[in-house]
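Student: Modelling step: build the complete structure from the supplied sequences, incorporating the hints.
Number of protein chains: 4
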Amino acid sequence: MSQLEVGVLGATGTVGQQFVRLLDQHPWFSLTWLAGSERSEGKRYTDAAPWRLGTPISTESAKNIVQPPVPGQGPQLVFSALDASVAGELEAAFAAAGHIVVSNARNYRMEADVPLLVPEINPEHLGLVPLQAKRGWKGAIVTNPNCSTVFLSMALAPLRQFNLRNVTVTTLQAVSGAGYPGVPSLDILGNVVPFIGGEEEKIESETKRILGLLKDKQGNGQQAVEPHPVTISAQTTRVPVVDGHTESISVSIDQGVTLDDVRHALTTFRGKPQDHRLPSAPCHPIVYAPEPNRPQPRLDVDRGNGMTVTIGRLRPCSVLGYKFIALGHNTVRGAAGAALLNAELMKAEGLL
Amino acid sequence: MSQLEVGVLGATGTVGQQFVRLLDQHPWFSLTWLAGSERSEGKRYTDAAPWRLGTPISTESAKNIVQPPVPGQGPQLVFSALDASVAGELEAAFAAAGHIVVSNARNYRMEADVPLLVPEINPEHLGLVPLQAKRGWKGAIVTNPNCSTVFLSMALAPLRQFNLRNVTVTTLQAVSGAGYPGVPSLDILGNVVPFIGGEEEKIESETKRILGLLKDKQGNGQQAVEPHPVTISAQTTRVPVVDGHTESISVSIDQGVTLDDVRHALTTFRGKPQDHRLPSAPCHPIVYAPEPNRPQPRLDVDRGNGMTVTIGRLRPCSVLGYKFIALGHNTVRGAAGAALLNAELMKAEGLL
Amino acid sequence: MSQLEVGVLGATGTVGQQFVRLLDQHPWFSLTWLAGSERSEGKRYTDAAPWRLGTPISTESAKNIVQPPVPGQGPQLVFSALDASVAGELEAAFAAAGHIVVSNARNYRMEADVPLLVPEINPEHLGLVPLQAKRGWKGAIVTNPNCSTVFLSMALAPLRQFNLRNVTVTTLQAVSGAGYPGVPSLDILGNVVPFIGGEEEKIESETKRILGLLKDKQGNGQQAVEPHPVTISAQTTRVPVVDGHTESISVSIDQGVTLDDVRHALTTFRGKPQDHRLPSAPCHPIVYAPEPNRPQPRLDVDRGNGMTVTIGRLRPCSVLGYKFIALGHNTVRGAAGAALLNAELMKAEGLL
Amino acid sequence: MSQLEVGVLGATGTVGQQFVRLLDQHPWFSLTWLAGSERSEGKRYTDAAPWRLGTPISTESAKNIVQPPVPGQGPQLVFSALDASVAGELEAAFAAAGHIVVSNARNYRMEADVPLLVPEINPEHLGLVPLQAKRGWKGAIVTNPNCSTVFLSMALAPLRQFNLRNVTVTTLQAVSGAGYPGVPSLDILGNVVPFIGGEEEKIESETKRILGLLKDKQGNGQQAVEPHPVTISAQTTRVPVVDGHTESISVSIDQGVTLDDVRHALTTFRGKPQDHRLPSAPCHPIVYAPEPNRPQPRLDVDRGNGMTVTIGRLRPCSVLGYKFIALGHNTVRGAAGAALLNAELMKAEGLL
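Protein chains in written order, with our numbering: chain A, 1 to 352; chain B, 1 to 352; chain C, 1 to 352; chain D, 1 to 352.
It should be emphasised that the hints constitute simulated quantities derived from the structure, not laboratory data.
Please read these numbers as outputs of a predicted model, since none were measured by experiment.
Using N, Cα and C, we set each Cβ at its ideal position, and we do this for glycine too.
The calculated label-pair distances, taken between Cβ atoms and stated as ranges, are:
1. G197(A) with M110(C): 39 to 47 Å
2. S85(A) with G198(C): 27 to 35 Å
3. P50(C) with A93(B): 50 to 58 Å
4. N305(C) with G197(A): 30 to 38 Å
5. R277(D) with E38(B): 57 to 65 Å
6. L4(A) with G42(C): 55 to 63 Å
7. T231(C) with P68(B): 53 to 61 Å
Short, incomplete list of chain C residues facing chain D, as computed with Cβ under 7 Å:
8. N166
9. T168
10. T170
11. G190
12. V192
13. F195
14. P240
15. S248
16. P292
17. N293
18. C317
19. K323
Tutor: So, in structure tokens, the structure goes:
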């Protein structure tokens, strides 16, 4: 199979760097086009923004010259790590010009004709893509959820079979989720900040859409996502951790479902990425950690190369039913890796 | 008023040092007796264990010679910062010998005849003290709750009037709560540990007792605490913070109670410590922080000299009713300061 | 003594907030005028910039309305916490208009007619002030050194008597020294950054000036500072500490000077602030910590209300002579507290 | 080439776990024997001590049953991660029984007949091994230096050609260097501890030995190490970093040596590990980072799989000559990886 050329919009930010790292030596995709803002244009990639990941950048990517983000230029498939402040217009312009924009930005996630995709959960939402033609776009936009939403959705998806009704979640989120420069050190060293702007709303609305079903609501053949009826209440906090969001979750499901039923549902969860053996797919989307004090960011965040969600401490909750802890890598499974898996799924399904 | 001599059992640990700090220049109590384990006996206090608080120790306390913990020796009033592994036997021996033991240890908290006291909430539980005579004790034991329990209890106490039924809480706890050497740095630097042994059980059971009423259950004049019927589900985590436990709380109360009602109940909450103007009592046991990103350990932990609980982010919870964040100083209001306030209350009520 | 009205330029930044905190209930000065940038003008002080210190702000200061920084307005004595990018022009304008500007900014520190003052070391440098009249200023500028320079200078001043010749210093600096937002958390959480722009040059040049003598160089009665001949080599690093710069120092002095001589010189060091009993002066400008593992930021930074430099681990250095560790509070003795002590000295000496 | 069986003494500690990780899928060595203390004997390896590294352990190693450390049992080649308190006797017993003990413990490092090896620097020190026969040992002990010593030695080795005379070094050391439980979090969160027991002495003495030459001192054919005449003065501190020791170094060398000479010497440094292409050898033992703010633990510690020392900020030192920053991975190149490279060198040289 010859390699497909791909590009990255917003390549110099925190998520952009993760795209560059994950695309290095990718078996299917070849990264040939890095686009950045005016400030970065024409510079060598590593001169435009210092590389801030612990894994060294490949020499080839380092030398790439940052391009202006001009629709129609660059490969057909572009990943977007754009900031929400510019993603709205720019992604639309790229989609209109015929690009497939696989985006991590929040702007189009809740649009009726745009898939908000977690490949293990709702691959059929790709069925929305043809609707985008009505916008006059020759290309399309496909999105992945907000970081903390991905991990919650993956933990809840296997529980839908048990009549999932209510969920409370408190997140303990890493600073890399806020980009760079992001959170000032004076705010977070030895501290907890119990607020992340817009995060709770995203968790509460995006999760329902991800868990929802694609339906022909009006009986006219036009597909739409019907949100899952689960009610979700989120409290989000920032903690002094570099990578890895921890989530304390309680769920109400049908009485009679045993703890073993729940654990079995979690650990056997898998989907199309595993069926297709997609390059970025972990063998196990969810791993259950049996130790009493896990998952922990420092020990579990890199499981499955950052694409696995680790769950632990499953036990009864006297208020809702069951409770547990979930953890995921916020800039891999929660951002760049999520988009990459989306693109791999589209490729495997013949949509690229 | 002449000063009352007091002592501290377990004076060399983290909580012991807080007792020493808080008793320095206390208007009512004079600290004259510091007791420690065999290893510390006969040494100058600061030689027995390095002082680990940022506030310098007074010269007088520093020079105190650590005494063996022999019942009958030392002042009548002794504060206990003993480890649970030894507090059971030793506190009983001191109570039997006629001491009033105002203890931070967990051992007697759930005993039917021992007050588990938060002076603003349940001062009438001191009515249990006379029952201890049946044990053959000439003295008595009075306890304060586990650190994370105090803050939750104080946040819930004003809500009892609204028919408080269900509570979920996720804690983000500071390392000083684990004593010294306590949490290894390799476990917590840049990390979250989603487990604290025994903590969730303590929160779930102690809180019900604290919020409960003292009743003559059997109609024979014998008092007992009837636990409050609220159901509590706790998830506890350790975060890289030195002092200050943050708690993410959701509560279900009667429908129709408005957000303003709840905030008003929290901010007007006060009790006997404020009526008596006890030396360690904060003017406001609970302060409501109006900023959208508060409370935070670094900014709010020392409010009211560490005796105030700060609450913020009160808003509706789509699952339970209302949700908010609470924060308190775990070694002050959550330990040594709590015991000190208990002793001050007893003194003010003529029980010492 | 009636109180002198004072103002603060650049009141909303990290150092500005320390000025406000330290001036609260000051026995000599009354803070009546807070000036800020256009963005802050007309707002209540705490609305213009969130209060970021652990000690609560006084209600009075919180309500103060931020003024535009217009020379001629505000009290005669103004403290400057201005950023270096604007301090050059603005401080000159205030001095020209007759204000005494007691500044923490770096802009005028190395000017020949401006005192770079550490009151315990070189109070006679105030003799430069009259020279500023030649600039046509009706007022004057007096400066304090860069934070890490203050602690080094105080540690070296008592050693001048031993023929101080060479000094190497490696600093481990706290993030509050970089202001707000300052150091991004992604750069410093669990990390060390071995570079602080311009810091090494400031340490190497400012220290020589502070330790220098005021002389009539040209015999014409005109005073000038002759820098001390010591050679200083600095390496500066940033570490994940909130407050408190640690410095690892080696010095070469005359052979034959014993370790006891050095320690005695350090611990008996004092100067005019102690003679005058200035309100912000610590009893001991330098405290020697005898413990083998001190000083430490968390334990020693608040000594003398943040105005004391703690020194420890004095021992022979096989390369230079002696080596030791010094620690100081970078936003108190290293910034706002330093300026305040300068103003108190001027007041005590009748210069205000 | 068939694989050589190897074992690990002290396998359950922090360094022991690094041995297990690094030996997993090693091309030359096959880890078949894990020995631990009485407390661990007979347990599965991961039950004996929780795995504390971010990289998951291989299933095979996890299931290994921990053996008692009985000399004569286990493979001929054993790596020692023993604590110094037991390494003295136990390593001698293993050497006596015929094992080749490649040790990270400090006990035999300074013994006249034991190589203190850094393979790029002093491979000829292996010539001491035959002398150990005089102890009646059928096997031998070969050691690697203390963690912070390795990085300093590697930075200094290329400078010996310039007549290296004086060195001052201040270290900023990670907590993983202290093992587990090691440094209590209360001591290091947001703090600096300017003392590490015995560390400065080890740096000052071990480095001279490593840089020394093997000579026939008495002309009788008996080899001995003549320590290098360089004088070293160290100050060591602990900082809140998980992995990676940073060192601030100044050196005096011959005048006339230019900055380019020094940088060239550092970047072209290599030795037998590179000649032999040993499996654990980095292509470049030293990498020079050109960015103005490097090296940094978070960004550079894993270079060369943790076997590369990164140096940056080379510039003149007004006191000694040149100064720079060095960084290395303390539990890889500074411990387990160092021992592994020693064994690989011995194997390549036909000594195993």
